[in-house]
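The residues making up each chain are set out below.
4 protein chains.
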Amino acid sequence: MSDIKKVVLAYSGGLDTSVILKWLQDTYQCEVITFTADIGQGEELEPARRKALNFGIKPENIFIDDLREEFVRDFVFPMFRANAIYEGEYLLGTSIARPLIAKRQIEIANQLNADAVSHGATGKGNDQVRFELGYYALNPNIRVIAPWREWDLLSREKLLDYAEKAGIEIDMKHKQGGAPYSMDANLLHISYEGRHLEDPNAEAEESMWRWTVSPEQAPDSPEYIDLEYERGDIVAINGVRLSPAAVLTKLNELGGKHGIGRLDLVENRYVGMKSRGCYETPGGTIMLKGHRAIESITLDREVAHLKDDLMPRYASLVYNGYWWSPERKALQVLIDHTQQHVNGFVRLKLYKGNVYTVSRDSKDSLFDKTIATFDDDGGAYNQADAAGFIKLNALRMRIESKAGRK
Amino acid sequence: MSDIKKVVLAYSGGLDTSVILKWLQDTYQCEVITFTADIGQGEELEPARRKALNFGIKPENIFIDDLREEFVRDFVFPMFRANAIYEGEYLLGTSIARPLIAKRQIEIANQLNADAVSHGATGKGNDQVRFELGYYALNPNIRVIAPWREWDLLSREKLLDYAEKAGIEIDMKHKQGGAPYSMDANLLHISYEGRHLEDPNAEAEESMWRWTVSPEQAPDSPEYIDLEYERGDIVAINGVRLSPAAVLTKLNELGGKHGIGRLDLVENRYVGMKSRGCYETPGGTIMLKGHRAIESITLDREVAHLKDDLMPRYASLVYNGYWWSPERKALQVLIDHTQQHVNGFVRLKLYKGNVYTVSRDSKDSLFDKTIATFDDDGGAYNQADAAGFIKLNALRMRIESKAGRK
Amino acid sequence: MSDIKKVVLAYSGGLDTSVILKWLQDTYQCEVITFTADIGQGEELEPARRKALNFGIKPENIFIDDLREEFVRDFVFPMFRANAIYEGEYLLGTSIARPLIAKRQIEIANQLNADAVSHGATGKGNDQVRFELGYYALNPNIRVIAPWREWDLLSREKLLDYAEKAGIEIDMKHKQGGAPYSMDANLLHISYEGRHLEDPNAEAEESMWRWTVSPEQAPDSPEYIDLEYERGDIVAINGVRLSPAAVLTKLNELGGKHGIGRLDLVENRYVGMKSRGCYETPGGTIMLKGHRAIESITLDREVAHLKDDLMPRYASLVYNGYWWSPERKALQVLIDHTQQHVNGFVRLKLYKGNVYTVSRDSKDSLFDKTIATFDDDGGAYNQADAAGFIKLNALRMRIESKAGRK
Amino acid sequence: MSDIKKVVLAYSGGLDTSVILKWLQDTYQCEVITFTADIGQGEELEPARRKALNFGIKPENIFIDDLREEFVRDFVFPMFRANAIYEGEYLLGTSIARPLIAKRQIEIANQLNADAVSHGATGKGNDQVRFELGYYALNPNIRVIAPWREWDLLSREKLLDYAEKAGIEIDMKHKQGGAPYSMDANLLHISYEGRHLEDPNAEAEESMWRWTVSPEQAPDSPEYIDLEYERGDIVAINGVRLSPAAVLTKLNELGGKHGIGRLDLVENRYVGMKSRGCYETPGGTIMLKGHRAIESITLDREVAHLKDDLMPRYASLVYNGYWWSPERKALQVLIDHTQQHVNGFVRLKLYKGNVYTVSRDSKDSLFDKTIATFDDDGGAYNQADAAGFIKLNALRMRIESKAGRK
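Chains as they are written, first to last, in full-length UniProt numbering: chain A, 1 to 406; chain B, 1 to 406; chain C, 1 to 406; chain D, 1 to 406.
Hints were generated in silico from the structure; no laboratory data involved.
Among the clues, some could well be false.
Identical copies look the same in the list; a pair holds intra-copy or inter-copy alike.
[As the list claims (entries may be wrong)] In the PhoX-like style, the derived pairs of lysine-lysine whose C-alpha atoms are separated by at most 20 angstroms in a straight line are:
hint, residue 1, residue 2
1, Lys329, Lys175
2, Lys349, Lys250
3, Lys402, Lys363
4, Lys329, Lys406
5, Lys329, Lys402
6, Lys158, Lys402
7, Lys402, Lys165
8, Lys5, Lys58
9, Lys329, Lys22
10, Lys406, Lys103
11, Lys22, Lys58
12, Lys369, Lys402
13, Lys406, Lys363
14, Lys22, Lys165
15, Lys402, Lys103
16, Lys257, Lys58
With these hints in hand, go ahead and build the complete structure from the sequences.
See below:
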């Protein structure tokens with residue numbers, strides 16, 4: 001019937017992707033390969049194997065990978081070198097995980113000669129775009145099946161009905177009306193959308209937040225931490241050298257404990273509508289602050305400004321799903337080039353939701369105390385130079401003023 | 001001797017500008033006009049009159065102006081419409097006050113036919129540039145006297161010695177080694193530089209901060225506030241309509257009480273060196289958060305992104321002293337144009353150093369619940385459209401991938 | 001059957017849109033309103049009326065409008081104020097006409113309570129996007145019928161067959177294989193695509209070009225012309241005051257005579273593929289040169305650079321069909337603001353394909369001979385100032401160099 | 001007297017730098033090292049040696065280097081990869097030569113332990129900035145002597161008087177009032193400034209131009225040329241593989257013969273004033289056209305647009321003298337990265353001042369004929385996808401329109 005023989009499904013083991021799995025089998029009569037990744041979402045993955053087996057998936061067609069190190073090393077860290085923030089606030093926690101999932105799915109598809117890939121993202125969100133742009137960029141001939149855009153199970157009732165008929169196990173929460181929020185988690189963040197949050201004028205409930213204690217409940221004493229940077233990446237915390245994933249895990253723990261990284265915003269989706277989301281990014285919030293601090297003493301001014309000017313563009317590329325695009329890669333080449341001297345130490349203070357930069361130090365520092373001092377500098381800087389500097393910078397404005405313009 | 005007849009001095013009444021006043025009289029044998037402005041620095045201004053009279057300044061040559069409303073209405077508010085942040089962190093509190101001082105000095109100079117203006121900024125800092133670019137832009141023929149770049153009183157001892165000989169009253173603090181920091185204050189912020197802070201690896205002392213309580217000492221209960229916006233500016237707090245200066249005064253009070261707006265950073269000065277500064281911007285920190293929130297529901301995505309792309313450039317212009325430049329004005333025309341629909345309400349939560357957006361609402365909202373919902377939207381958005389959207393956006397990447405590029 | 005009652009068709013009177021007209025009647029059983037615009041394409045419009053009547057269109061449903069003045073005044077001129085060039089070469093001749101067509105179609109639709117609009121652009125090109133983004137921006141509830149994306153008449157044979165059965169008159173050229181190129185013309189330009197040009201390695205034939213003589217055939221003597229500018233727009237040629245459309249008509253005549261404005265390029269379409277096009281833009285090529293020249297003496301440096309930095313973005317917006325978007329409008333506000341002093345005269349020399357700026361003059365000139373001269377300037381500019389200017393601009397690089405960076 | 005022991009002078013052998021040489025000896029009582037570079041200015045260099053010897057310069061202190069290959073390979077070619085144009089027209093011919101001179105001067109200074117460098121650029125122009133920013137970036141401790149900013153020989157008469165007294169040979173032209181223009185030449189271009197040109201409303205005289213015949217005098221038959229590109233650089237002309245300098249030499253010859261590359265403009269100098277200049281850049285004008293053409297089929301759209309967006313900034317950096325800055329290098333890293341697939345062939349037609357792209361071809365082409373065709377493409381592109389693409393891109397504008405905005 002269908003010309004699709006094999007499809008690699010991004011499979012979480014949850015209700016939705018289980019229904020998709022069954023629906024793919026029913027609709028396309030094709031062999032399904034399940035791919036389940038640990039990117040730090042904090043859920044056990046082995047149940048996904050058991051469930052897949054229950055659907056008749058062959059053991060050799062079940063892929064369960066721990067991608068946490070690759071995720072932080074090759075995706076999160078490069079993005080933080082750019083100080084990427086979308087629309088002034090969002091740290092791109094969901095966006096940055098999709099390209100890795102897409103990459104691994106395509107690798108598996110290529111390896112097993114699958115002709116299609118599939119995912120559980122809806123037709124209204126950004127994630128479908130992020131997945132599929134990745135698929136197409138990495139394999140231009142791949143077929144993409146996006147069940148949410150194809151099937152008619154658009155209401156919760158229909159989905160549950162289909163699941164029940166298919167003998168899919170349904171958690172109690174789903175029977176009781178489903179999770180109050182649509183959530184997504186990985187080592188960088190957890191996000192909340194939908195339901196109660198769909199009114200941007202309604203405050204998020206305290207009970208919603210999962211990774212961070214409320215600032216009110218955080219410890220009454222601040223905690224200082226020391227971050228060591230090499231080429232723009234954190235390599236040690238409090239003197240202990242850690243792998244990329246261990247760095248982020250540790251910072252999440254510290255940030256979560258101190259109530260750091262909660263965010264409530266309305267963002268503009270690539271598909272055209274505004275959407276309200278809440279995010280917890282404890283470790284990422286600390287990383288951004290620390291990276292700005294180490295760059296502040298190690299980057300040249302104009303290089304830093306060039307990065308700042310390009311940052312919104314870079315962030316939009318990541319948000320919109322263009323991680324694998326040639327333009328994101330070109331920007332990354334520039335950004336990575338700038339990080340060669342971004343080495344040194346930053347001390348931060350964590351306290352009830354706040355991250356304060358307290359001090360920074362580097363053998364590659366461009367901070368020149370001799371020149372910066374307000375005291376006598378012994379001639380390191382000739383103040384008279386400033387007169388000429390100002391005069392020439394003012395020249396065009398003086399000419400304009402003489403011409404009578406206002 | 002000198003060809004300068006009359007000079008308008010930006011006079012604070014403090015030791016440094018008092019020495020300058022005397023030095024101008026001694027060096028240029030000219031008539032000095034003192035100009036003292038209340039821009040919310042929180043000091044009494046009348047002592048400046050008394051001191052000026054003591055120097056023999058004619059009463060009609062003493063100008064003491066309350067510029068607080070103009071400062072917030074015509075400088076602070078327009079800048080916050082741009083969401084301006086310099087180098088990712090600095091809210092430009094010092095930068096934004098200089099253009100107003102310069103403007104008023106030139107107005108007075110024009111009025112009294114003065115041929116020169118003078119200020120107390122040093123030859124190493126940004127403020128000399130900000131003052132003088134303003135002077136030249138507003139009066140291309142004005143003469144500028146920058147004593148710190150001309151005289152030989154470069155050490156504290158020489159300055160005090162000169163003051164003593166001139167019979168200038170010297171506060172006890174100066175005799176005891178001077179203020180530990182170089183400070184600047186106005187309604188938007190207070191800044192600290194120099195001394196202890198010249199080592200970027202040394203933590204700022206708690207005793208340094210003046211406007212905000214430490215987050216640790218802030219109230220244990222959060223406080224909610226409601227801001228009302230009209231065309232991008234706050235016009236009411238908690239339902240009470242306020243003038244621009246009253247808005248900022250109130251927000252400073254609220255922010256200070258809750259320990260909001262402390263910042264410790266290393267910045268890149270326009271004159272070429274890095275400098276460490278600490279800043280307290282309680283009201284401004286609240287304003288930035290609130291403005292982002294109201295824009296998030298009222299601005300079109302691409303307009304918001306255009307603003308974000310231009311923001312670093314705008315912020316650099318303000319930082320570098322180009323307020324009166326034609327390019328800053330051109331950007332302002334664009335920014336102000338975008339604010340016509342930035343109306344509505346934002347609720348924020350203040351708690352121990354944090355400002356959280358809690359909700360936002362507007363009659364001009366572009367948030368479309370019907371479309372944004374994850375529930376059935378009754379056809380408001382056709383999910384199938386996303387397939388074509390993705391396919392065409394992916395096309396160039398597929399072609400590139402087929403060409404064998406990686 | 002169909003729920004569409006009335007549709008406004010952009011009708012040229014040619015074969016394709018005639019087939020569309022019939023197809024709309026056949027397929028949707030709806031009332032068709034034809035709209036035919038004179039935007040300077042150089043074809044008679046009255047035949048379109050006759051043909052429409054032949055299809056049974058009611059006389060009151062036939063709209064034939066001369067939009068030439070509006071086209072140049074409100075679309076071409078504003079775009080040239082931006083010096084807009086797409087991808088370094090293309091003067092956007094096709095792009096700029098679409099928003100006007102879309103606007104007028106929607107006006108007619110609103111006036112006659114039509115529920116749909118339709119156009120003859122194919123599903124592979126940019127024009128469908130430009131038309132439809134305009135439709136949707138100006139009337140969010142309008143229905144759009146794009147026959148080329150819907151019907152099955154995708155080959156030339158099927159189309160001719162349909163036309164023949166429908167009794168549509170078919171020009172001899174169509175019977176003999178059709179025009180060798182797909183062409184589009186308006187007062188700004190004529191474009192050629194398709195057929196022979198689909199091989200980017202094949203030279204365009206001399207016989208293809210229609211508006212310009214070949215440079216080889218152009219007059220052997222150069223011709224000088226004088227342009228007068230007001231607020232960035234040309235208001236007079238050789239001392240004769242002209243309306244916007246008359247300006248462009250005259251410049252096309254002059255440019256065409258001198259073989260000016262031929263272009264052969266490969267461009268990147270918004271829908272994702274590369275496309276080869278040839279363009280003749282005689283008047284526009286002259287206008288761009290002249291506008292740069294008048295701006296060169298009347299615009300401040302940083303304002304000019306700001307415009308240059310934003311230009312590619314503006315050009316992409318126009319190319320991609322976002323004329324009616326809020327971000328294009330915001331940019332236009334900035335651009336128009338910068339043109340207030342762009343007044344004066346430019347003399348150009350036209351000769352065998354070339355446009356040379358020969359001289360420029362303005363009462364609003366910022367060119368200051370006193371300062372610019374290499375001769376003694378009598379102190380207008382203090383050369384010693386340059387030392388300080390350079391020293392401070394070099395400071396950060398010296399610090400970096402001292403830090404051992406390369 | 002002076003603490004300067006050895007100075008490396010950029011010495012052309014002409015009158016001005018000969019006077020400088022003598023003035024340095026007189027004023028600083030220091031050892032002078034002369035450095036004369038062949039960067040293609042088309043003058044014999046050996047006379048400079050003889051003249052230097054006449055001033056008593058030791059033979060081992062006379063450096064005469066042929067830098068033509070380095071100039072084109074490491075400066076001109078990298079800049080043309082960026083398609084750099086300053087202010088929409090200027091190809092940066094003077095700007096790009098200065099960093100190389102500066103580099104070589106510093107190399108010599110380091111080699112001979114000289115403590116200073118000197119140049120003959122005036123205090124009003126850009127070249128002083130370009131030289132000195134280079135010096136400081138490459139040797140932060142170097143001393144710079146800029147005679148034109150220091151001495152009192154500011155009028156032509158004083159200079160000639162000084163020369164006569166010093167026994168410096170004076171060409172007849174200088175005695176007769178000097179060259180009518182200030183000129184600068186290198187392999188990329190020749191420039192004219194000053195005198196007659198100081199009135200921007202005066203047409204340049206035909207007799208001024210030196211490298212190009214007038215278009216009127218150029219051959220009546222066009223000439224076709226084939227350029228081969230590798231990684232963005234031309235490596236062969238008409239099938240003949242050539243070194244970088246040989247490429248530019250050949251293109252200058254071709255361009256000059258056909259009257260290509262004349263330009264008359266008013267530009268904005270970095271030091272603040274407007275300046276009128278005329279330029280001949282025959283080879284460079286051809287190179288720019290060719291590079292755009294080869295990029296048009298080998299660069300991805302968004303990469304090309306990223307380059308276009310950054311180009312004005314890159315051009316300003318080169319113009320302003322920031323070649324050796326970290327930000328120019330960071331941009332270059334991005335630009336060079338994009339050129340890896342910019343390989344292939346471009347055919348151009350040269351005729352009386354015009355350069356036309358005629359065809360382009362590449363094994364790395366991203367031009368996909370199957371998709372681009374207007375004929376039936378056999379399903380390579382699904383036209384229906386465009387509907388969804390447009391719908392989602394229009395969504396935000398429809399929402400805005402529904403909200404009643406105009």
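Hints, verified against the model:
no.: 1; hint: Lys329 to Lys175; result: neither (45 angstroms within a copy, 50 angstroms between copies)
no.: 2; hint: Lys349 to Lys250; result: within (15 angstroms within a copy, 28 angstroms between copies)
no.: 3; hint: Lys402 to Lys363; result: between (49 angstroms within a copy, 13 angstroms between copies)
no.: 4; hint: Lys329 to Lys406; result: between (44 angstroms within a copy, 10 angstroms between copies)
no.: 5; hint: Lys329 to Lys402; result: between (48 angstroms within a copy, 18 angstroms between copies)
no.: 6; hint: Lys158 to Lys402; result: neither (74 angstroms within a copy, 32 angstroms between copies)
no.: 7; hint: Lys402 to Lys165; result: neither (83 angstroms within a copy, 42 angstroms between copies)
no.: 8; hint: Lys5 to Lys58; result: within (15 angstroms within a copy, 55 angstroms between copies)
no.: 9; hint: Lys329 to Lys22; result: neither (37 angstroms within a copy, 49 angstroms between copies)
no.: 10; hint: Lys406 to Lys103; result: between (56 angstroms within a copy, 13 angstroms between copies)
no.: 11; hint: Lys22 to Lys58; result: within (14 angstroms within a copy, 56 angstroms between copies)
no.: 12; hint: Lys369 to Lys402; result: between (40 angstroms within a copy, 13 angstroms between copies)
no.: 13; hint: Lys406 to Lys363; result: between (48 angstroms within a copy, 16 angstroms between copies)
no.: 14; hint: Lys22 to Lys165; result: within (11 angstroms within a copy, 50 angstroms between copies)
no.: 15; hint: Lys402 to Lys103; result: between (61 angstroms within a copy, 16 angstroms between copies)
no.: 16; hint: Lys257 to Lys58; result: neither (42 angstroms within a copy, 63 angstroms between copies)
Comparing the model with each earlier hint shows violations of hints 1, 6, 7, 9, 16; every other hint is respected.
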